[in-house]
Amino acid sequence: MFEAIAFYLFAFLTISMFYIAVTTSQALYALSAIAAGMLFISAFFFILGADFLGAVQIIVYSGAVMALYAFGMMFFDTTREVKEKHGNSMIVIGLSSLAAIMVVVIFAAPIVSSNITALYPVVDGVGNTQAVGMVLFTKYLVPFEVAAVMLLVAMIAGIVLAGKKMDLSLTLMSDAEIKDLREDQNKKVLS
Amino acid sequence: MLESVNVSLESLNLITLLPMLIPVIGALLILVIDMFKSGQDKSLYVMIAIIFLFMDFASLVDSAGAFSQDGTVMGVFNVMLIDGLAILSQFIIVGASIVFIPLSLTSKRFHEFSYPEFFALFLFMIAGFQFMVATDNLILIFVGLETASLALYTLIAMHNRDKSFEAAVKYFTMGALAAAFFSFGSMVFYALTGSVEINQIATVLAGNGYADIAYVLVAVTFMLASLGFKLSLVPFHTWAPDVYEGSSASMAGYMSIVPKIAGFIVAMRIFEFLIHSGVEWLEVVLYIFVVVTMTAANMWALVQTDVKRMLAYSSISHAGFVMAAILIGTTQSNSALFLYWVLFAFTNLGSFAMLWISRQKNIPWYQTSDHSYNKFAGMIKTSPIAAVIMALFMLSLAGVPPFALFWGKLYMISSAVNAGYNALALIMALNSAIAGYYYLKLIIYMFMKEPIVGADEQVFTNNSSLPLRSIIGFAAIGTVFAFILVNPLLEFITSFVYNSGY
Amino acid sequence: MEIGLNHYLALSAILFAIGLIGVMRRKNLLLLFLATEILLNSVNVAFAAISHYYGDLTGQMFAFFVIAIAASEVAVGLGLLIVWHKRHGNIDLDNMSTMRG
Amino acid sequence: MLDHILSILIFFPALAAILGFAIQKDSIRSYGIAVGAIEFSLSLLLWFMFDSNASGMQFMEELPLVPVFGINYILGVDGISLFIIILSTFFTLIGIASLGEMKNIKYMIITLLFLQMTMTGVFAALDAIVFYVFWELSLVPMLYIIGAWGGPLRIYASIKFFLYTFTGSLVMLVGMLFMAYFYYQASGVWSFALLDWYRLILPENLQLWLFAAFFVGFAIKVPMFPFHTWLPYAHGQAPTIGSVMLAAILLKMGTYAFVRFSLPLFPDASVFYMMPIAVLAIIMIIYTAMVAYAQKDIKQVVAYSSVSHMGVIILGTFALNVEGISGSVFLMLGHGVVAGALFFLVGVIYDRRHTKMMSEFGGLATVMPRYATIFGIMMMASVGLPLTINFVGEFLSFLGFYQQSHILTLIAGSGIVVGAIYMLAAFKKVFFGEVTKEENKNLPDLNKKELIALVPLLIISIWLGVYPKPVLGPINNSVESIVQLMHDKAITSEAKSRIPNLMKDVKSAGNSEEGAN
Amino acid sequence: MEVYLYIALFAPLVGSLFAALFTATPKKMFTGVIASLLIISAFVSSTILLMYILNGGEPVQVEMMTWMATGDLYIPFGFVVDQVSVTMMMVVTLVSSVVHVYSVGYMDHDKGFNRFFSYLSAFVFSMMVLVMSDNFAGLFIGWEGVGLCSWLLIGFWYHKESATWAANEAFIMNRIADLGMLIGLFLIYWNTGTLQYTEAFAAMPGLDTEILAWMGIFLFIGAMGKSAQFPLHTWLADAMEGPTPVSALIHAATMVTAGVYLVVRANPLFDLIPHVGLFIASLGAFVALFAASMALVNRDMKRIIAYSTLSQLGYMFVAAGLGAYWVALFHLMAHAFFKALLFLGAGNVMHAMHDELDPFKMGGLKKPMKWTFIMMTLASVALAGIYPLAGFFSKDLILEVAFVDHHYILYAVLLFTAGLTAFYSFRLVALIFHGEERYKLFGIHPHEAYKYMLIGMSPLLILAIIAGSFKMTYFEMVTALLPATEYHIHSHLTFWIMTIGTQLFVASSIVYAYKKYANNKITVPDGTSKMENSFAYKLLFNQYYIPYIYEEYLVKPYRELSTIFWEQIDLKIVDASVDGIAGIVYGTGEKTRAMQSGNLSTMLKWMVAGTVGLLSLAVVFGLAARYSDEIMAILSGLGV
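Chains as they are written, first to last, in the numbering used here: chain A, 1 to 191; chain B, 1 to 502; chain C, 1 to 101; chain D, 1 to 517; chain E, 1 to 640.
Isolated chain A (complex conformation):
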């Protein structure tokens, strides 16, 4: 019973938060709504016993990601009302609700083959974090490492793209201009 109440409550909250996030014209509202929605989602994780995931959700999502977004928002100066030209919103609403209805119709049906044998079962008496760690560093070691590479890629990408060097474009400069530039900057910027 408690579970049901919690489910419906948080379901209502996340849905409304996310709905606000996609409809409001105030960027700040949207950001706050998303952050709140993510927190509520972590609540689901805790309900479902995925404690580790819940913690990660709060730290990474509500913390790091949202902080990044907030920073971006300030950088882009979108704190005030966002003016967006909306075309035919019927298409948007129509497509989305159609998608939702379709999927829900399917998902309303129980999965017939529900006697699934768990490959990496949740072991009683073991903390979720510990269990997750166990699986993560055995079975999912490779994806984990690849994810590390991915984060490295993302970091490099972020640095490169946001870096100062992107401010002038060699692609658009003629050979003579590049030559001048090299002399000016003493081969600092360019290789």
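Errors might be hidden in some of the hints.
Listed next, the in silico DSSO-like pairs over lysine-lysine satisfying Cα-Cα at most 27 Å (straight line) [as the list claims (entries may be wrong)]:
hint: 1; chain 1: D; residue 1: K296; chain 2: B; residue 2: K381
hint: 2; chain 1: D; residue 1: K296; chain 2: D; residue 2: K437
hint: 3; chain 1: E; residue 1: K471; chain 2: E; residue 2: K451
hint: 4; chain 1: D; residue 1: K428; chain 2: E; residue 2: K27
hint: 5; chain 1: E; residue 1: K28; chain 2: D; residue 2: K448
hint: 6; chain 1: E; residue 1: K556; chain 2: E; residue 2: K160
hint: 7; chain 1: B; residue 1: K449; chain 2: A; residue 2: K179
hint: 8; chain 1: B; residue 1: K163; chain 2: A; residue 2: K85
hint: 9; chain 1: E; residue 1: K440; chain 2: E; residue 2: K367
hint: 10; chain 1: E; residue 1: K516; chain 2: E; residue 2: K366
hint: 11; chain 1: E; residue 1: K572; chain 2: D; residue 2: K296
hint: 12; chain 1: D; residue 1: K449; chain 2: D; residue 2: K25
hint: 13; chain 1: D; residue 1: K441; chain 2: D; residue 2: K296
hint: 14; chain 1: E; residue 1: K521; chain 2: D; residue 2: K296
hint: 15; chain 1: E; residue 1: K451; chain 2: E; residue 2: K27
hint: 16; chain 1: E; residue 1: K160; chain 2: D; residue 2: K429
hint: 17; chain 1: D; residue 1: K106; chain 2: B; residue 2: K449
hint: 18; chain 1: B; residue 1: K42; chain 2: A; residue 2: K165
hint: 19; chain 1: A; residue 1: K165; chain 2: B; residue 2: K163
hint: 20; chain 1: A; residue 1: K164; chain 2: A; residue 2: K179
hint: 21; chain 1: B; residue 1: K361; chain 2: A; residue 2: K164
hint: 22; chain 1: E; residue 1: K556; chain 2: E; residue 2: K366
hint: 23; chain 1: B; residue 1: K37; chain 2: A; residue 2: K165
hint: 24; chain 1: E; residue 1: K27; chain 2: D; residue 2: K448
hint: 25; chain 1: B; residue 1: K37; chain 2: A; residue 2: K164
hint: 26; chain 1: B; residue 1: K361; chain 2: B; residue 2: K381
hint: 27; chain 1: B; residue 1: K361; chain 2: C; residue 2: K86
hint: 28; chain 1: E; residue 1: K538; chain 2: D; residue 2: K296
Beyond 10 Å from chain B on every Cβ pair, some chain C residues (computed) [said to hold, decoys possible]:
hint: 29; residue: I3
hint: 30; residue: H7
hint: 31; residue: D56
hint: 32; residue: N90
hint: 33; residue: G101
If you're looking for bench data, these hints aren't it; they were derived computationally from the structure. Where is the CB? At the ideal position from N, CA and C, for every residue including glycine.
The hints should help you fit chains B, C, D and E onto chain A, whose structure is shown.
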């Protein structure tokens, strides 16, 4: 309490990771070199990248040898899956990358090549693609895919002009949506089977006789949307022309080959077993996708005024053509996919490289875009050899024998014929005929029109340098003498595909 | 009333649909990226639920990697937006259609 | 050397063409003539070494190309292909020799040499894929010739030519793949070798489909009504040499392919489609002859006359007996010579006046008597006067088809009447009457270069009209073997009865054997 | 003997080629002389061969070389000199020798002198091939060859529009007939397996009569074209545009009789199908009358003679059709002599009158052109069939044949025609040579032709007079090959009544003609006289409006239909549909490229839309699969 895990090192089969690790190490090496002494010339990084890619290639040859002896190998807690498909596709990925990377040694300077990070990201991207094809675990596929994609978005943006940013943003945004689709699709598969390994999924689904067909279809739908984006199937293709136009010609050529073969491998792994299990829905849907993608992309290519954009649409059309292999799903068709893609790689890299050497920094008055058709008017008069080579690539793309792509088309259509897809075979043939028109258009501009008065005669080789010319020469030789290549390739590919159970 | 897996799946689908609304409706790229986060989050909910009901950790693993991916995407996406914003002073995608046809 | 003479014939001009890039512009003509002469002598050597009494393939060469998929480089000639090859080398030679002054003559000669390669390849190939390779490849030089040296509509014409033919041949390719697949099913081995396919007996309904697939490719090439509309454009816009090669050799690829592929592979389908195709052929003969009559441009007259004559060739081919097929093969040569010569002749006045409108001329017989004489003789050859090369072919074609249908032959035969009408009318407009136009009064008569091209053609068209035996003999032998093959392969009783059995002596023995089986 | 055969055959060819060498050069007298000498040598050879045959020699047969051989077909260049062909050879070489000699003078001032002899000799060669061939294919070579030469010679003065038009008309009409001939050949080949005369004829009696009838009909269609039988007759009159020696040689003596020769040569065939023969005879009789009627009022000297030729050809076909092949051949021979003479005479007149053709503008020419007058008069007498000239023996014989075979209608027609013949012949003679010298009005000073031309003509004159006396020799010779039917009217009384009656009838026609036209009152008609306005006159003068009908209802529609085929069907339907398909493909691309708006939001929408579309398909399919049992139940409940 958890039991401690005892794993022997042999059972991990870490050697399976070697091909992916090499480029990662290479990338790190580049970063480290840059850290110690920045401001090195790009040729250093190009050579480092090539060396590592060759090492990668060598390790692939090694695993190919191992595969032909022992068959499919699983590794590292059965996450890695080194089967024939993985090896073949990695050959294409690494091979095409080796051919691609010297294209950065242009005579003109472009922004991205001034970054060592460009080459590091490039190698990371290759590793990402390699991971993507060398596993049947959806998680690893996803992570590999994202690694590669994020690197790719950056590489495109690093060209550093408005169009390339626009291209990168478009690609990125749609890619994010596609990633969401992928995860949703995986989720439904997981909900159905409790597993995210394709083999396991197939086993479970077969075990219960596809009782939850509706769920399966939802999962397939989202997977199709996601992979359709990667493979640029209509209507998920809309990024392709813009991204090709926005990125540099060499990058566009690369994008038309490598990400797609990775996508095809994943698609093959996911859809093949469904097709064989008699999911008629998928068969019908794929049929529609194949036909619509081929035909519509051809029609749009007809009306383009820019050669690179035309080639973008033509790449979409080729992807649709090759998608037929997955629909047909026989050993022959899957072999045809690889054969086609190898030959397509030669031709398409060659033709994009031709665009690349004719790249100017400033667009003169008579051109509306980087490579608008009238730029090439009368090329035979000013640079005959370049014109002949370009024509060669166009003819090959059109499927005129005996140039490379003809053999691919031949084998592909033959596989359709053999599997009883008669109408499909005919549609494929007729589409080749439609495609003939736009390839011909370029030939007509080059050979039959007069040069524009006042045009720079050197424009066609503006950007050329020895490495570029060598690459083009290599591609041209490959295109012309493909008929020698076809037989060994076909034998090799067929045995690998067959032994992988596809 | 027992809350079953289907409930969570339905919730996930609805959240996903909301995300789709956002993706299609938003013209401001930053807000559009926010919408993609919703999409990924909705999937995470479902993964956690399935993991719970099947007693299997794989779902949590997947969700974990999805979060990692989402974080990486933010870094790259924001990087792109910054470059664009430096040049054009806006991040409205309607200003981003020089290539067409 | 003799073992590989066909390969040499094919690749020598290509190699020479590549080397030709290095030749200085002023010397290229001599180079081209030298190469053409060597090629022509090689083809004559081929004829000399050819065993006229054998009916099978000679000078066979085989080289694996894609053996996994049954594609091999197989070459060979029999009496049917031998002479078309010789004709093609001959036309290349005189074509190059007679080239007038034009821009980029170097590229023109190089292109012609490439074209020579593809033409020889098509006629010497005995593997379907190799055949297809050369078949498609031949489009490219032709595309360039029309598109780069043509008239005002050259680009439209060249694209139309290329795409139309390309589309048709892709359908044909699908047919070939089906054929290979059926062969694979029957024998368990992949093969595209024609001689292997000859041994395959297909059920009738498959034959019908495959025949149709091949037909599309061939019919567009021929070109048969209603697929013929690319031809007037191509001819109308092409430079003289382009029209000559197109009419003389390239069109023959289609009819040759009918004899080489459609008939022996699908005997029952050939019989089944005989009448519809004959009707199409009759439409070609009469309808296009009438269209030719309505033309105002002399080159278009000759172009449409080509279509009309190709109709006769088709009719002869689908007579499905030795007389008809031999006749049609001979007519291929005849039409090649005559149409080629006519296009050369039209080119002569075009070079002088830069117009092809008949109304611009008149009374040329007075001004250019030698030209008028040669034109007249060639016109009479085209009309099919006895003792000219075309008569032999037309006579035999009609004669052959008469066995199959009397009434259709009678209708088709009216081609000799309507053919005479447009030709004579055109001749009258151009050559007879008073010279009215001032520009025409001082036109120079044929010069040496033009005579080099025309006189040999003149001699051939009379020589082979009077004494066709050296050519007709080998053709006959090969055609007999094809007809016998068709008879043996035919499964329906109608086909058996329509296609004559040439082994009359062993007929009864064969029948009893069949009965025993 | 074979040497003579080859000389007879190839001497004209040599002459032709020799003359052809000089076509581009100005007139050279020696080309004419050498060509004439070569023709004469052919004549001498023919005479030697004739003597040989007359002396009972075996027919000479040679096979020079293979022409076509494929499948079962074997056609050699084979030649035979037998009784029939030697007769034809004599006629051909003799007349052509005369014409050659004559032409040397006639073409004296023409620029195309050399060319003329080249053509003329080529014609003789073709004609020799035609008559000497021992198979149908060889016959066809000659058949087409003479057609070609006829085209060249009619259009000899190619700057004249009318000449080239007539040449084309002649060629095309002949082609129509040749098609029939060709079909006849095919029929013979597929039914007898050969085209050799002897073997084919030997095989024929074993064939179905219907097939034989078709063979006969098709061969006769061929003959109709060459011999200008109705309805393919219009070209002959128009062919008079050619130089007059050509008309004499080709359109009177030799080529037009090829049709008769064909029927005679194919007598074993036509003997087997008498009903076809009867048809031929009837058509011949009709043409005889029909052509004669047109000659009555014509005002063109050469055309009158041409119609007369046509009429006489009708006579020959009557004989041939009724099985009297030797009679037909005999009339052919006799006719060749006097008709050629008549033409050559007309040529003299034309020369004298500066190419004036209207006899009404002449008159009284007998004084300046005495010899021509004599020759033409005698030739006309021979044509009219007055005893003892050639025409009497040959033409009266045909009347007898018709009578003896009880075809009285034919007989009556022919008899009547004989009267007409006499009338128009002498109308012409009277108008040209008698009466007032009307030519003076036009300022012409006529003069007699060259001496050697007249001498050259003399052999024809002699033969026109005495040819009848060879009748028995001839009969004995040819009946070795042809059916030797003798046509004797058993009752002597009937015979004499008929003969004398005919002679009287003819003579009175002559007298009438003279009376009407030889007086001094004749003026150049101006279209006002009552006769000229009568319907019958107009009908005849306009050749029964047949050329008009052909022009209106055949030529014009053909031309219009051609234009429609080209402009409406070829360009607007066939070609337009091809371009249309290409246009549709291209247009679809052009219209749908808007999908790529370049706006990211649109792109995302497309992606979502694609997914949702797939999803709906999935749901439909999934639900259908899930509830398949229920759906089946409902459907079966509905009675589906």
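Consistency of the hints with the structure:
A distance of roughly 35 Å separates the Cα atoms of K296(D) and K381(B); the hinted pair therefore is violated under the 27 Å criterion. Of the supplied pair hints, the one linking K296(D) and K437(D) holds, its CA atoms being roughly 17 Å apart against a limit of 27 Å. Simply put, K471(E) and K451(E) have alpha-carbon atoms about 31 Å apart, too far for the 27 Å limit, and the pair is violated. This hinted pair checks out: K428(D) and K27(E) have alpha carbons roughly 25 Å apart, not beyond 27 Å.
About 26 Å separates the Cα atoms of K28(E) and K448(D), which keeps this hinted pair within 27 Å; it holds. Under the criterion of a C-alpha separation no larger than 27 Å, the hint pairing K556(E) with K160(E) is consistent with the structure, at around 22 Å. Of the supplied pair hints, the one linking K449(B) and K179(A) is violated, its CA atoms being roughly 37 Å apart against a limit of 27 Å. Taken as a hint, the K163(B) and K85(A) pair is honoured in the structure, with Cα atoms around 22 Å apart against an allowance of 27 Å.
With a CA separation close to 13 Å, the supplied pair K440(E) and K367(E) stays within the 27 Å bound. In summary, the hint linking K516(E) to K366(E) is supported, as the alpha carbons are separated by about 18 Å, within the 27 Å threshold. For the hint pairing K572(E) with K296(D), the CA-to-CA distance comes to about 17 Å; that is within 27 Å, so the pair holds. Taken as a hint, the K449(D) and K25(D) pair is honoured in the structure, with Cα atoms around 19 Å apart against an allowance of 27 Å.
A threshold of 27 Å between alpha carbons decides the hint, and for K441(D) with K296(D) the separation of about 21 Å falls inside it, so the pair holds. Only pairs whose Cα atoms come within 27 Å are accepted, and K521(E) paired with K296(D) is rejected, the gap being roughly 53 Å. Note on K451(E) and K27(E): the hinted pairing holds, with a Cα-Cα distance of about 21 Å set against a maximum of 27 Å. Straight-line distance between C-alpha atoms of K160(E) and K429(D) comes to about 12 Å, which keeps the hinted pair within the 27 Å bound.
With a C-alpha separation of about 17 Å, the suggested pair K106(D) and K449(B) falls inside the 27 Å cut-off, and the hint holds. Pair hint K42(B) plus K165(A) holds up; C-alpha atoms about 16 Å apart against a cutoff of 27 Å. Between K165(A) and K163(B) the alpha-carbon distance is near 18 Å, which keeps this suggested pair within the 27 Å criterion. With a C-alpha separation of about 19 Å, the suggested pair K164(A) and K179(A) falls inside the 27 Å cut-off, and the hint holds.
With a C-alpha separation of about 22 Å, the suggested pair K361(B) and K164(A) falls inside the 27 Å cut-off, and the hint holds. Note on K556(E) and K366(E): the hinted pairing is violated, with a Cα-Cα distance of about 45 Å set against a maximum of 27 Å. For the proposed pair K37(B) and K165(A), the alpha carbon gap of about 17 Å is at most 27 Å, so the pair holds. Distance restraint check for K27(E) and K448(D): the Cα-Cα separation of roughly 25 Å lies within the 27 Å cut-off, and the hinted pair is therefore satisfied.
Our distance criterion of 27 Å between C-alpha atoms is met by K37(B) and K164(A), whose separation comes to about 19 Å. Distance check on the hinted pair: K361(B) and K381(B) sit about 23 Å apart at the alpha-carbon level, within 27 Å; holds. Only pairs whose Cα atoms come within 27 Å are accepted, and K361(B) paired with K86(C) is accepted, the gap being roughly 22 Å. About 37 Å separates the Cα atoms of K538(E) and K296(D), which puts this hinted pair outside 27 Å; it is violated.
Once the 10 Å rule is applied to beta carbons, I3(C) is consistent with being away from chain B; the minimum gap is 15 Å. Every C-beta of chain B lies more than 10 Å from that of H7(C), the closest at about 13 Å, which supports listing it as non-interface. Against chain B, the non-interface label of D56(C) is violated: not every CB pair exceeds 10 Å, the least being about 6 Å. For N90(C), the shortest C-beta to C-beta distance to chain B comes to about 12 Å, beyond the 10 Å cut-off, and the non-interface label holds.
With a minimum CB-CB distance of about 7 Å to chain B, G101(C) fails to clear the 10 Å threshold, and the non-interface call is violated.
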